[in-house]
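Peer 1: Turn these sequences into a full structure, and let the hints guide you.
Single-letter residue listing:
Protein chains: 6
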Amino acid sequence: MSNIVEEFNEYRERMNSRILEDNNKIIKRIFNLDTNAFMKGALDVKTKELLGLVASAVLRCDDCVRYHLETCHKEGLTKEEVAETLSIATLIGGTIVIPHLRRAYEYWDALDANTSEISGLKE
Amino acid sequence: MSNIVEEFNEYRERMNSRILEDNNKIIKRIFNLDTNAFMKGALDVKTKELLGLVASAVLRCDDCVRYHLETCHKEGLTKEEVAETLSIATLIGGTIVIPHLRRAYEYWDALDANTSEISGLKE
Amino acid sequence: MSNIVEEFNEYRERMNSRILEDNNKIIKRIFNLDTNAFMKGALDVKTKELLGLVASAVLRCDDCVRYHLETCHKEGLTKEEVAETLSIATLIGGTIVIPHLRRAYEYWDALDANTSEISGLKE
Amino acid sequence: MSNIVEEFNEYRERMNSRILEDNNKIIKRIFNLDTNAFMKGALDVKTKELLGLVASAVLRCDDCVRYHLETCHKEGLTKEEVAETLSIATLIGGTIVIPHLRRAYEYWDALDANTSEISGLKE
Amino acid sequence: MSNIVEEFNEYRERMNSRILEDNNKIIKRIFNLDTNAFMKGALDVKTKELLGLVASAVLRCDDCVRYHLETCHKEGLTKEEVAETLSIATLIGGTIVIPHLRRAYEYWDALDANTSEISGLKE
Amino acid sequence: MSNIVEEFNEYRERMNSRILEDNNKIIKRIFNLDTNAFMKGALDVKTKELLGLVASAVLRCDDCVRYHLETCHKEGLTKEEVAETLSIATLIGGTIVIPHLRRAYEYWDALDANTSEISGLKE
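Protein chains in written order, with the UniProt record's numbering: chain S, 1 to 123; chain W, 1 to 123; chain B, 1 to 123; chain R, 1 to 123; chain L, 1 to 123; chain P, 1 to 123.
Since the hints were made in silico from the structure, they are not lab data. Beta carbons: idealized from backbone N, C-alpha and C, even for Gly.
Partial selection, computed: residues in chain L whose CB lies under 7 Å from chain P: (1) T47; (2) V54; (3) I88; (4) L91.
Peer 2: Written out as structure tokens, the structure is:
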């Protein structure tokens, strides 16, 4: 299993629990909205995940990019669709997006590697 | 015809010509890339326009939001699809996006008003 | 009555109604959270308004600054307290905050002028 | 002693000295202003530290958040007051603040752990 | 005389005086630093003005861009040097810089127009 | 050899190749523009590198700062010129630039250390 995927998810889940057990109502509702906003509505889930990805990339938030890359991967979006989305982010957000692009490509490769390993184990 | 749409486009086109006649190669190529990036590829034009819209909204660029609202309108995206895209922008980008949301709604209404007028004139 | 205060509030209220009648759930809930977050909790309302002001100023959102200046004014915060908050914003956010500082001072003066006029009318 | 607190402070102090021995007047004066701006004035020190915290959080600067969390902790601000400040930051700055929220909670826990250890040593 | 140059300077000077008479020490010192930082040092004034221009452009602050365009114009920097600086800003900062580029070109034209008029008056 | 310089360059080159072999036209052209924009034109290479440095610093992109520090170092810019550029970045961008200033000074020291070592080896 690729380390960067596991480490990211372990830390993310552990600290999210820590935040939510703190019981601040505003923060809890924002977390809740985050789940609802990406559900199927007038737009389908795939499109919404790409919207989340491009917004995260132009705002240069590596952890947000990783989170949306992971959901894109699960939803079956192709590398080409993800790359086009990231290319729009780099054009709109400028070359300062490039370091985040490097880490996004690395994370996508790790997601691919994990999937191959899992499907290998199943056989 | 709604003033804000006309004024925006008149200024935008006039100053873009002024910039391009200046003949700076880097700027010209960036303008050129901007046209190419939103053409049909692995993703269709509608999805790309929504990506452009959400990125513009979280980066809080009113003119960029207007530009993409206009293309979304022309491409036949519905108010619901645009509103969902803007809701994701407001969630990811926070309440500081709200002033831009107000101007986005105003611009969309102006685009609708112009269309009704034009179709009225045709009859 | 000072124009900039009236104009800002008229536009803000008109477009907020337009947005809310659109009935997008995510946006409605974010508007709702915005009301709740600034109510008295572990911190009092005055402190929260200053937090809203400094955050708006460093993020360079003129309309958000205006909104919080107005609430600060109503809550009876002094010019000195507001100025210290804005000075921290300018230090943390840098000299690019200065143009917003100019507009913030102008708006505060307008709020003061309106109050004098209203209290003059009452006498 | 928690590593993240120690490591952050060691690096911060070492590099600050390195910067200041370089003798650039503008940088030295900015460092100096930073000390003065958070001293008691029209606003008390606690309020100013919360202003520093919320500004750092919406600007998504982890090191700045850590620095202000540490001063808040020393000034005796409660977890509830700090959490409300961070909830306002997350609402205003949006969900892209969440990864910084995770690291802020982790750092606060480390500050708490260090304090318990120190008070344990004293007994 | 071109309106946008005059209006910008009139407002800027009037509100700067208003801010400075308020006597907040932190703000006064930041204004003071701003003057010192752009004086000749290891780098000459022209280079520093271009640094101020590119930083203002990528941070998308129209008023800051105008201020530095004006100083660049006074210092005798050519249109080509200014355009190259703005092209680097657009590349690094992305296409969201373009609306600011339009306003920068408009302002530079206004500065040119004013200069021609003044030299015309002198003859 | 200093680790941070080597590690940065190894990762940067490895991931850039990974991105470019992906063959997304928009991204490839942006990379290409990045090379062209910093070549000698109306402005010399040294000035352009300082423009790249100040823009990277105010946008708080550590990897971009590192990249431009490295080119500045190769182009023979002095520590004083680089420090003045960074001081302008800290003034315009505010104290949130300071953590990036610490990492910039650390990287410059590492570049200096590597050069000494290399020139030592040559003797």
